[in-house]
Amino acid sequence: MKYWFAAIVLSAFSSLALGQEPIEPLPRHVAYDPAKAALGKKLFSETLLSSDKTVACATCHSFNYGGADPRPVSIGVGGKTGNVQSPTVYNARYNFKQFWNGRAESLTEQASGPIHNPVEMGMESATVTRRLNADPAYVNAFAAVYGEEGIVYEQVIDAIVEFEKALVTPDSPFDRFLRGETTLSPLELEGYQRFKAYGCITCHNGVNIGGNSFQKMGLFVPYEHDEAAPDLHAITNKRSHVNVYKVPTLRNIALTAPYFHDASSKTLTDAVQKMSYHNLGVELSDKDVKAIVAFLKTLTGERPEVLR
Amino acid sequence: MSALLRQIGWKPFLALAAGIGSFSLLLYFYLSQRHVEYNFREVRGHFHTIDRNYHRLNYEILRSSLFAYSNQDEITGDLDTLKHEFEALRKNAFLRRDAYGQSYRSLVRLGEALNRYETMIGDFMMLNAGIKNSFVYITSLSAQKVKLFEDDPVTYARILSIIAEVSQARILFDATFLGDLNEEVEPLGYLSGMSKEQATLIRSFMLHVHYIAANYPGFVQNVNRIETFDLDRRIVELETHFLDEAKLDYEMLDRFVVILAALFLAALTLVIGLLVHAGNENRRLRELEGELRHAISHDQLTGLLSRNRFEQLQAQFESPYLLLLNLDRFKHVNDFYGSAAGNAILKEIGLLIRQPVLEPYRPHYFRLGGDEFGVVLQGIDAERARQMGVMLKKSIEGYTFFVDDIEVYLTVSVAVNGVAPLLENADLILKYDKARHSEGVLVFSEELHLKEQAARNIATAHGLKRALDRDAIVPWFQPIVRLRSGEVAKYEALVRMVGSDGAVSGPAAFLKTAMQTPYYRRITAVMVQKVFEVMAGYDTRFSINLGMRDLADEKMVSMLLSLLETYKERAGRLDIELLESEELDDLESVKDFIKRVKAYGCRVAIDDFGVGYSNFAYLLELDIDILKIDGSLISKVVGDEMTKHTVKTIVRFAKQLGFEIVAEFVEDEATIAVLETMGVEYGQGYYYGHPAPSPEGVTCNTRS
Chain A
1 MKYWFAAIVL SAFSSLALGQ EPIEPLPRHV AYDPAKAALG KKLFSETLLS
51 SDKTVACATC HSFNYGGADP RPVSIGVGGK TGNVQSPTVY NARYNFKQFW
101 NGRAESLTEQ ASGPIHNPVE MGMESATVTR RLNADPAYVN AFAAVYGEEG
151 IVYEQVIDAI VEFEKALVTP DSPFDRFLRG ETTLSPLELE GYQRFKAYGC
201 ITCHNGVNIG GNSFQKMGLF VPYEHDEAAP DLHAITNKRS HVNVYKVPTL
251 RNIALTAPYF HDASSKTLTD AVQKMSYHNL GVELSDKDVK AIVAFLKTLT
301 GERPEVLR
Chain B
1 MSALLRQIGW KPFLALAAGI GSFSLLLYFY LSQRHVEYNF REVRGHFHTI
51 DRNYHRLNYE ILRSSLFAYS NQDEITGDLD TLKHEFEALR KNAFLRRDAY
101 GQSYRSLVRL GEALNRYETM IGDFMMLNAG IKNSFVYITS LSAQKVKLFE
151 DDPVTYARIL SIIAEVSQAR ILFDATFLGD LNEEVEPLGY LSGMSKEQAT
201 LIRSFMLHVH YIAANYPGFV QNVNRIETFD LDRRIVELET HFLDEAKLDY
251 EMLDRFVVIL AALFLAALTL VIGLLVHAGN ENRRLRELEG ELRHAISHDQ
301 LTGLLSRNRF EQLQAQFESP YLLLLNLDRF KHVNDFYGSA AGNAILKEIG
351 LLIRQPVLEP YRPHYFRLGG DEFGVVLQGI DAERARQMGV MLKKSIEGYT
401 FFVDDIEVYL TVSVAVNGVA PLLENADLIL KYDKARHSEG VLVFSEELHL
451 KEQAARNIAT AHGLKRALDR DAIVPWFQPI VRLRSGEVAK YEALVRMVGS
501 DGAVSGPAAF LKTAMQTPYY RRITAVMVQK VFEVMAGYDT RFSINLGMRD
551 LADEKMVSML LSLLETYKER AGRLDIELLE SEELDDLESV KDFIKRVKAY
601 GCRVAIDDFG VGYSNFAYLL ELDIDILKID GSLISKVVGD EMTKHTVKTI
651 VRFAKQLGFE IVAEFVEDEA TIAVLETMGV EYGQGYYYGH PAPSPEGVTC
701 NTRS
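Each protein sequence line maps, in turn, to chains A and B. For the first sequence, the working numbering gives the first residue as 1, with consecutive numbering after it. For the second sequence, the working numbering gives the first residue as 1, with consecutive numbering after it.
Fair warning: there could be bad hints in the mix.
Unchecked claim - Derived Cβ-Cβ restraints for the label pairs, each shown as a range:
1) B:V257 to A:D33: 44 to 50 Å
2) B:T139 to A:S240: 50 to 56 Å
3) A:T267 to B:T139: 38 to 44 Å
4) A:L307 to B:D180: 37 to 43 Å
5) A:Q20 to B:S195: 34 to 40 Å
6) B:A278 to A:G147: 37 to 43 Å
7) A:E302 to B:E37: 23 to 29 Å
8) A:E302 to B:S195: 28 to 34 Å
9) A:T267 to B:A199: 36 to 42 Å
As the list claims (entries may be wrong) - Derived list of chain B stretches under chain A, where covered just means 3 residues or more per stretch with a C-beta under 8 Å from a C-beta of chain A:
10) 129-136
11) 285-296
12) 393-407
To be verified - Result set (DSBU-like, lysine-lysine): computed pairs, CA atoms no more than 35 Å apart in a straight line:
13) A:K196 to B:K465
14) B:K331 to A:K297
15) B:K83 to A:K287
16) A:K196 to B:K145
Since the hints were derived computationally from the structure, they do not count as laboratory data. No residue lacks a Cβ here, since even glycine has one placed at the ideal position from N, Cα and C.
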């Protein structure tokens with residue numbers, strides 16, 4: 001009885017302690033089907049999925065660059081370039097919608113996008129399955145997971161999605177701080193205070209520190225608008241949706257330069273200054289910027305288990 | 001079995017089918033109801049989740065608009081759940097049925113409302129971020145940084161006044177308290193003379209004030225719209241319609257179930273009723289059968305076992321000896337003192353032969369014929385058996401019978417036999433070896449019998465062969481008459497052998513021997529062939545006799561069938577009278593034969609029923625049409641109450657099974673009268689006509 005009471009009191013307090021913060025740590029382990037994920041992992045790096053066999057998912061979502069692309073814009077089949085910076089695939093399962101303008105409701109819906117996009121991979125579903133069915137290694141691997149009936153497109157997407165669900169980067173210093181396992185340096189702690197005080201937290205909150213709402217780029221000070229950019233306006237055609245994008249996650253932000261949909265910031269310092277100017281309506285001191293950048297660097301998590 | 005089915009009829013099966021049918025339907029509707037119930041709960045579960053999430057979402061939004069920090073995952077998560085639940089409802093096959101038309105239309109309206117709600121929330125989240133940040137920025141200024149303007153009281157006061165207004169509007173959640181912020185903040189824009197730090201502060205301050213002035217009224221309105229949005233009404237409307245329609249659905253199912261349950265109960269009652277009825281019928285039949293069995297297994301007069309019973313028991317005896325007792329010249333006693341006196345004497349003999357000294361040999365006592373008694377002893381040797389025979393003989397011969405005070409003495413011939421066939425062998429000695437008896441008791445010996453038998457067989461076989469060669473096997477005909485009207489209904493063909501001297505002999509003289517020879521088949525063939533030829537000139541039905549055991553003889557059967565095939569028209573008028581046989585062990589071949597001849601339109605009769613080997617199982621198992629009651633019973637039906645009772649029982653039994661009944665040996669009008677009261681329809685016998693070489697032969701008292 002005593003232990004129960006103690007357990008209840010403890011858990012109440014710890015949840016209270018965590019509940020105060022609008023950011024939640026990532027779970028240490030996520031459930032996924034290892035066989036499917038292993039197959040998805042192979043497919044993720046498979047250039048057969050692009051029309052000229054030069055591009056794979058991993059080409060633009062590189063595991064060496066925080067699941068994103070270090071290039072300002074990715075280069076697709078036939079050397080064609082896109083019009084937006086490739087966002088990170090890490091922790092994508094925690095985004096409320098996918099793509100910069102949220103046009104996909106789910107990972108499954110998203111995964112087909114780049115495959116069919118003529119400037120990305122430029123493929124028909126039938127071509128994908130024909131190529132994979134011609135490869136005995138894939139035929140066997142799919143048979144082991146999905147049965148003997150031959151590879152169908154939905155299975156390809158399903159395997160990739162299962163892999164993406166496994167791409168979670170837990171145990172960042174900040175997550176461990178939230179769980180009370182470590183402390184932050186005074187500068188990092190001050191950065192987090194600034195992050196909250198200036199209102200960054202208003203949009204960058206939740207388990208993915210972002211990825212759960214749309215926001216206008218240039219809320220206080222208008223931001224340059226490119227007619228061709230894939231903003232929310234491109235979907236809804238509403239005036240109020242010009243330059244509106246999904247708020248990106250800040251997890252692993254130190255690894256995913258360049259920043260913003262237009263790759264206009266090459267450093268975190270620049271990105272923080274730009275964001276606070278346009279979207280918070282404040283001009284931060286260098287000291288504040290330095291502290292916030294120090295905080296942002298605590299958001300880099302462990303490499304996903306499935307990649308280890 | 002088929003007769004039993006005929007007896008029970010098709011009604012129970014119909015009722016059973018109705019019962020099973022309605023029960024299956026009942027089960028089906030019960031399961032449907034379970035299905036409805038399950039879906040009902042599922043749909044209501046979705047309603048509940050939507051309702052709960054909607055209210056939680058409203059709370060989250062309010063919280064998010066008031067609290068500086070909020071985790072927007074809660075909002076997007078709840079919105080996601082709301083949309084998923086709605087999709088689940090929209091795809092629910094149950095709601096898509098016609099019966100739920102109104103509910104589905106409400107659901108579609110709910111979907112439209114949800115879309116508007118989602119748009120409002122999207123707008124809210126975008127506005128909320130800016131508004132909150134601006135408020136935080138403006139209100140946090142008062143503490144430290146406004147001190148930068150301590151030297152400029154006008155600017156200082158203006159900033160403080162704006163902060164105060166903004167704070168009030170924020171706290172009261174009312175945009176009207178903002179006043180004309182844009183105008184108030186405008187003078188601050190003249191930045192000349194300010195330090196760089198002051199200018200930066202003023203720029204940000206103005207940005208936020210402008211933002212609040214431009215967006216706060218819209219924001220307040222947006223929050224109010226969300227908080228007062230009538231998604232609730234849509235949910236309630238949907239639930240109301242759904243409950244109404246589900247109620248109808250339930251009521252309809254309930255009605256079906258009630259109707260079906262009633263149907264099922266009715267069918268069940270009917271089945272039970274019919275089964276009880278059939279059970280009663282069955283019990284009556286069994287009782288009748290029991291009576292009949294007793295009647296046939298026991299001699300009615302003496303209470304000893306009957307000849308029929310002897311035949312049945314024969315196989316069960318263990319190394320038996322039969323002591324066959326034949327009363328000498330008993331016919332004279334009968335004639336002289338009358339049959340009543342004769343019967344009384346027979347009864348007494350029945351008691352007399354039950355000697356205690358026989359007990360160790362497990363004795364069975366039989367009355368085997370009119371003046372013939374049999375005692376079967378087991379576990380005894382030939383000499384001892386002979387001594388017992390002598391003892392019985394002395395007991396009877398030494399006994400004084402009284403008929404009306406007149407002393408009567410009897411002598412008796414006794415045969416002792418331990419060689420199968422028991423009765424036949426014993427009979428043989430009595431009939432043929434009377435000369436050789438010692439003390440009137442004869443013991444059967446094998447070689448004696450065999451020689452005798454062989455000689456007789458050879459003689460008979462020769463006779464048969466000659467008769468066949470001379471074409472001396474001929475059919476005679478005897479009319480079978482409808483008792484009520486006296487009309488000739490049909491003719492029974494009987495086999496006769498005409499001797500070279502012109503003497504005519506009946507089947508008793510040769511048929512038994514013939515069966516052991518190849519001539520038997522020829523006799524049958526000749527008979528059937530000739531009968532068919534004769535009957536070409538008539539249009540009545542006619543019958544021929546066959547032994548049941550003949551039917552196991554494939555050659556015989558195929559010969560008969562080919563004749564039927566040849567004379568198809570006449571075959572349709574043919575009745576086949578089957579004589580039971582003790583050797584019959586192949587009932588299937590009889591059944592099969594009956595089935596085959598019936599295809600030609602033949603009818604099947606059981607001949608001489610009531611004596612011999614009558615086994616009632618036959619009657620139930622064989623698909624027969626006619627029962628011919630044995631003449632020995634019919635001739636005693638007048639005067640002998642026990643026999644009358646037996647015949648009555650047979651008739652009731654036959655009628656229960658739906659057989660046509662023919663009485664043999666009908667010899668006088670008194671008999672006809674008795675038979676008619678019992679319900680016997682047909683008769684044959686000397687009263688109507690003796691067998692004659694042609695159907696028109698000797699007939700009398702008929703109206704053909």
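message = When the structure is checked against the list of hints, which entries are broken? Sort them ascending.
response = As far as the earlier hints go, 2, 3, 4, 6, 7, 8, 9, 11, 12, 13, 14, 15 are violated by this structure, in ascending order.
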